[in-house]
Amino acid sequence: MRERSVRNYSEEIISFMKYHFNHKAIGFLFVVIILFYLVSIIPTKIAYADQNTVSYKTFQSVEIKAGDTLWSIATKYYTEEYKSIQNYIEVIKESNSLKSDTIHSGCYLIIPYYQN
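Sequential numbering from 1 applies to the sequence shown in UniProt numbering.
Take these hints with a grain of salt, some might be off.
Unchecked claim - Below, simulated EDC-like cross-link-like pairs (lysine to aspartate or glutamate); rule was C-alpha separation at most 20 Å, straight line:
| no. | residue 1 | residue 2 |
| --- | --- | --- |
| 1 | 93 | 80 |
| 2 | 65 | 12 |
| 3 | 99 | 68 |
| 4 | 57 | 12 |
| 5 | 93 | 81 |
| 6 | 93 | 63 |
| 7 | 57 | 90 |
| 8 | 24 | 12 |
| 9 | 83 | 63 |
Because the hints were derived from the structure by calculation, they are not lab data.
Using the sequences and the accompanying hints, generate a full structural model.
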């Protein structure tokens with residue numbers, strides 16, 4: 001009789017452990033699936049947010065003041081669409097048909113730049 005009750009008790013413990021282990025395993029699997037979903041969705045939303053930012057290329061006439069250089073003017077209006085300050089200076093020179101980096105105070109430059 002005592003052997004039977006020990007066996008029943010052992011079987012109950014094993015059954016109890018299997019039941020709780022299965023539920024914990026299912027819960028763990030559910031958490032892993034949710035985390036995988038979030039990790040795969042968040043970078044996608046960030047990428048789409050970056051793509052949805054629209055920049056418009058605009059132009060502004062700027063008077064050259066004493067001491068101004070193409071470099072100083074370019075650093076004021078530079079945006080990342082131009083990739084580098086040197087590249088942006090070349091764009092400014094092309095927009096104003098300049099052959100050299102020489103500019104004179106009192107003259108005007110057309111400055112292209114991107115605006116959100």
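Results for each hint:
{"no.": "1", "hint": "93 with 80", "result": "18 Å, holds"}
{"no.": "2", "hint": "65 with 12", "result": "91 Å, violated"}
{"no.": "3", "hint": "99 with 68", "result": "17 Å, holds"}
{"no.": "4", "hint": "57 with 12", "result": "75 Å, violated"}
{"no.": "5", "hint": "93 with 81", "result": "17 Å, holds"}
{"no.": "6", "hint": "93 with 63", "result": "15 Å, holds"}
{"no.": "7", "hint": "57 with 90", "result": "16 Å, holds"}
{"no.": "8", "hint": "24 with 12", "result": "18 Å, holds"}
{"no.": "9", "hint": "83 with 63", "result": "25 Å, violated"}
Hint check: violations occur at hints 2, 4, 9; the rest are consistent with the structure.
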